[in-house]
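S.K.: Everything in the sequence shown is counted per the UniProt record's numbering, starting at 1 for the first residue and increasing by one.
No lab work stands behind these hints, which were simulated from the structure alone.
C-beta atoms are modelled at their ideal positions from N, C-alpha and C, and glycine is treated no differently.
Careful, some of the hints might be misleading.
Said to hold, decoys possible - Simulated pairs of lysine to any residue, SDA-like, Cα-Cα distance not exceeding 20 angstroms:
#, residue 1, residue 2
1, K54, G271
2, K166, V143
3, K258, G243
4, K54, V266
5, K166, G32
6, K30, A65
What the hints assert, rightly or not - Restraint-style ranges between C-beta atoms, simulated for each label pair:
#, residue 1, residue 2, range
7, R144, E82, 38 to 48 angstroms
8, Q244, A208, 39 to 49 angstroms
9, L25, V180, 40 to 50 angstroms
10, V112, D156, 20 to 30 angstroms
11, R157, R234, 53 to 63 angstroms
12, V112, Q17, 23 to 33 angstroms
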Amino acid sequence: MSGWVVLDKGVGITSTQAVAVVKRLFNAKKAGHAGTLDPLASGILPIALGEATKTVPFVMDGRKAYRFEVTWGVETDTDDAEGRPVETSENRPIREAIEAALPAFVGEIEQVPPRYSAIKIQGERAYDLARDGEVVELVARAVRIDHLSVIEHHGDRTVIAAECGKGTYVRALARDLGRVLGCYGHVSALRRTRVGPFEEATACSVAALEESTEMHLHAVETALDEIPSVAVSRDMGLRLMRGQPVILRGHDAPLGGKAYATCGGVLVAVGDVERGELVPHRVFHLGGTAPQKN
């Protein structure tokens with residue numbers, strides 16, 4: 001079985017545990033997710049099965065949307081509610097002050113990831129080093145945040161909506177916002193509402209999957225929604241599946257960049273268009289094992 005499952009992950013389960021549950025329910029040989037969600041977080045966790053695992057990078061590179069709650073007055077070592085308090089303040093920001101501070105975090109910004117993160121430092125995960133008591137110093141890196149807005153504000157708690165790119169840490173955003181406002185803060189609730197082409201409307205719970213699996217399986221090429229597609233002949237499809245480039249003809253053929261090819265409605269390859277040729281980088285062996293895209 002190959003395709004994508006848009007899981008609505010609940011609080012208290014790790015992303016790895018969620019993948020294991022879905023893999024078991026579908027009896028899949030291969031499975032992987034497109035972007036970790038912490039146990040504290042809920043929401044969209046796209047899980048790839050079988051041949052869909054080859055398209056994971058396309059989903060991970062997509063835009064993401066979150067709705068998160070910041071509790072003011074306490075900064076923790078994990079930047080969320082599971083951590084140990086490291087800074088406190090009696091100050092509480094008003095809504096107008098929060099809204100005035102948000103524009104400074106929109107666009108291309110430099111962000112220092114949380115000490116408890118999956119980033120590797122000399123081959124070791126930062127969270128493993130932090131748990132062992134080592135001082136973890138992470139360098140700032142460029143991330144992109146497209147949108148921030150206040151949804152609700154109630155004294156010491158504020159709910160914020162965010163749209164951002166790959167590598168952005170919402171926990172770090174809450175931490176930095178609290179520092180700018182002079183009151184400290186940490187994420188006390190987090191929900192991911194979109195990952196690339198996958199949204200809440202298409203998500204399902206584990207309970208729903210236990211009732212029926214196939215109705216919640218999306219076509220492999222759903223992950224490729226943001227790149228153009230081309231239909232190829234059987235001979236061209238066979239060439240692509242052997243890793244050989246094919247010449248694209250027709251006024252609708254893409255001139256450059258990423259593209260994917262289908263043959264008889266079935267995904268066969270994804271690659272780059274170079275000088276009128278589609279050069280395959282990933283080939284697929286789907287046959288009748290995957291759902292067709294609507």
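S.K.: Hints numbered earlier in the text: which of these fail when held up against the supplied structure?
M.R.: 6 and 7
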